[in-house]
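Novice: Just need the whole structure built from these sequences, with the hints factored in.
2 protein chains.
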Amino acid sequence: MEPGTSESGLNRIALEIQYDGTCYNGWQIQNSGKTVQGEIERAIKILIRKQVRLICAGRTDTGVHALGQVAHFDLEEKVSLQKLCIGLNGILERDISIKNAYNVLPDFHARFSAVCREYVYLIYNYYLKSPFVTNRALWINHPLDLDYLRKTAGYLVGEMDFKSFCKKNSASENTVRRIDSIEIEKYNEVIVIRFKGNAFLHNMIRIIVGTICRMFKDKMDPAYIVEIIKSKDRENSGDTAPPCGLYLRSVSYQPPLSSMESAFLEKMPF
Amino acid sequence: MEPGTSESGLNRIALEIQYDGTCYNGWQIQNSGKTVQGEIERAIKILIRKQVRLICAGRTDTGVHALGQVAHFDLEEKVSLQKLCIGLNGILERDISIKNAYNVLPDFHARFSAVCREYVYLIYNYYLKSPFVTNRALWINHPLDLDYLRKTAGYLVGEMDFKSFCKKNSASENTVRRIDSIEIEKYNEVIVIRFKGNAFLHNMIRIIVGTICRMFKDKMDPAYIVEIIKSKDRENSGDTAPPCGLYLRSVSYQPPLSSMESAFLEKMPF
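If you read the sequences in order, they're chains Z and C.
Residue 77 in the numbering used here is what sits at position 62 of the first sequence, and the numbering runs on without skipping anything.
Residue 214 in the numbering used here is what sits at position 199 of the second sequence, and the numbering runs on without skipping anything.
Be aware that one or more of the hints could be misleading.
Treat identical chains as interchangeable: a pair holds within one or across any two.
Claimed, not checked - List time: in silico DSS-like cross-link candidates among lysine-lysine, alpha-carbon distance up to 25 angstroms: (1) LYS211 <-> LYS183; (2) LYS144 <-> LYS49; (3) LYS232 <-> LYS166; (4) LYS60 <-> LYS144; (5) LYS144 <-> LYS232.
Note that these hints are calculated values from the structure, not bench results.
Specialist: Below is the structure:
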């Protein structure tokens with residue numbers, strides 16, 4: 016069977032999407048307010064006159080950005096993937112852009128087929144505010160110690176119950192997740208925290224960032240985070256760091272999207 | 016005589032300023048519209064109840080940014096430089112920030128004492144639009160050749176008449192300027208063009224960028240730019256590149272500002 020075509024004759028298409036989430040009420044369509052999903056579904060309707068339903072890999076919250084969100088939808092007819100990308104980019108406002116489109120297998124699911132998600136959190140760590148990181152990073156105006164952050168975050172790598180780092184009253188019943196790695200680097204004034212894992216709970220990364228920064232400020236022993244984990248109580252972790260610093264960087268699948276027919280080659284002549 | 020205090024008892028203060036110029040009608044106060052100068056003068060008036068007049072090193076146009084603009088003003092009383100910076104940053108909107116303040120000699124002049132100005136122009140060179148460089152760089156969606164740009168720009172280094180690269184009906188009668196260097200580098204998808212020189216004509220950098228990019232697209236011999244220079248006619252150069260890619264990066268003085276009493280040390284513990 017041809018990728019993208021099911022027995023019922025439906026073609027499944029996956030989009031790779033980047034957006035500045037500042038002006039959106041998150042990914043998912045709400046009763047009111049502009050959402051990323053809503054804008055892209057509207058653009059598809061304008062372009063190919065079909066109302067589709069997009070299903071994404073990670074539903075980002077209000078103000079959270081994406082560099083490589085993935086979402087799939089089904090169409091009855093075949094479309095040119097290049098024309099789809101170019102056409103959608105021509106309709107969408109400039110804070111959303113379609114990076115690529117793929118013909119995927121009918122059993123591909125943007126959320127459930129994902130094997131790894133990578134998020135980055137940016138902290139602008141300088142005594143002075145900068146006009147150029149507004150809505151792009153969390154500003155912390157006292158110097159953070161990278162070794163402290165790395166050591167504290169290290170206790171969170173592995174499979175464990177992250178209930179202490181999950182938004183209260185979240186829908187998730189099972190709060191066990193696996194973090195594969197947390198890497199922390201500094202580039203000039205910007206600290207980049209990279210999270211890789213199979214899946215993350217609601218607000219999990221933002222609560223982790225808020226917790227390790229708070230623990231540093233309070234001069235707590237890095238190992239104390241083990242007590243926070245064990246307590247399984249959101250009351251014991253730190254504030255939820257603001258959404259503007261968080262980016263869904265990429266989502267990986269097996270087989271990878273790069274092995275599918277796509278609108279653009281990975282390596283353009285740039 | 017103490018720096019910052021003249022015989023008449025006036026204290027001269029220089030501010031180092033960064034701003035995202037997107038929402039401003041340039042630096043200089045106009046009859047209508049929000050300007051960077053206007054906002055800072057208003058903030059000074061709120062903070063120390065004095066109407067001052069700021070004189071800057073380079074009057075940036077609408078939409079042009081600054082990482083290190085310098086402007087001076089005079090006050091009758093002595094003020095704490097730290098309190099001045101912190102207070103102004105507390106009043107100013109987040110797209111303008113005061114980086115530092117200096118007590119300078121009474122004969123210091125932000126514009127006329129400047130010995131070197133550095134501007135950078137950013138080009139986002141990728142086939143796909145990016146939400147994250149909106150208002151921050153010029154987007155060119157065909158691949159530019161760095162060697163071509165370097166070779167063409169090389170003809171503009173030195174002292175010469177830049178009349179072909181000056182906005183028509185500009186106030187400048189003397190259009191001879193000296194460019195000390197033009198350096199072109201690429202970092203991922205972003206081409207950074209750095210200009211250093213004593214002073215620049217109105218729109219000069221934007222016209223140079225527009226011209227060398229146009230010449231590349233039209234496959235013209237790099238040496239043809241010598242003919243454009245010689246013609247001393249704005250009709251022969253290219254379009255004025257948009258303001259969003261241009262940043263006034265720094266202004267140098269002799270003696271340097273770093274040798275003056277300042278609000279913040281150059282090396283903060285970050």
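Novice: Each of the hints needs a verdict: does it hold here or not?
Specialist: For each hint, the structure was consulted:
For the identical chains of this complex, LYS211 and LYS183 are intra-copy neighbours only, at 23 angstroms inside a copy versus 55 angstroms across copies, given an alpha-carbon limit of 25 angstroms. Taking identical chains as interchangeable, the C-alpha atoms of LYS144 and LYS49 lie at most 25 angstroms apart only when they sit on different chains, with a minimum of 21 angstroms there against 29 angstroms within one chain. For the homomeric pair LYS232 and LYS166, the shortest alpha-carbon distance inside one copy (15 angstroms) is at most 25 angstroms, but the shortest distance between copies (51 angstroms) is not. Taking the closest pair of Cα atoms, LYS60 and LYS144 come within 25 angstroms of each other only across two copies (21 angstroms); inside a single copy the shortest separation is 42 angstroms, beyond that limit.
For the identical chains of this complex, LYS144 and LYS232 are intra-copy neighbours only, at 19 angstroms inside a copy versus 39 angstroms across copies, given an alpha-carbon limit of 25 angstroms.
Hint compliance for this structure: every hint is met.
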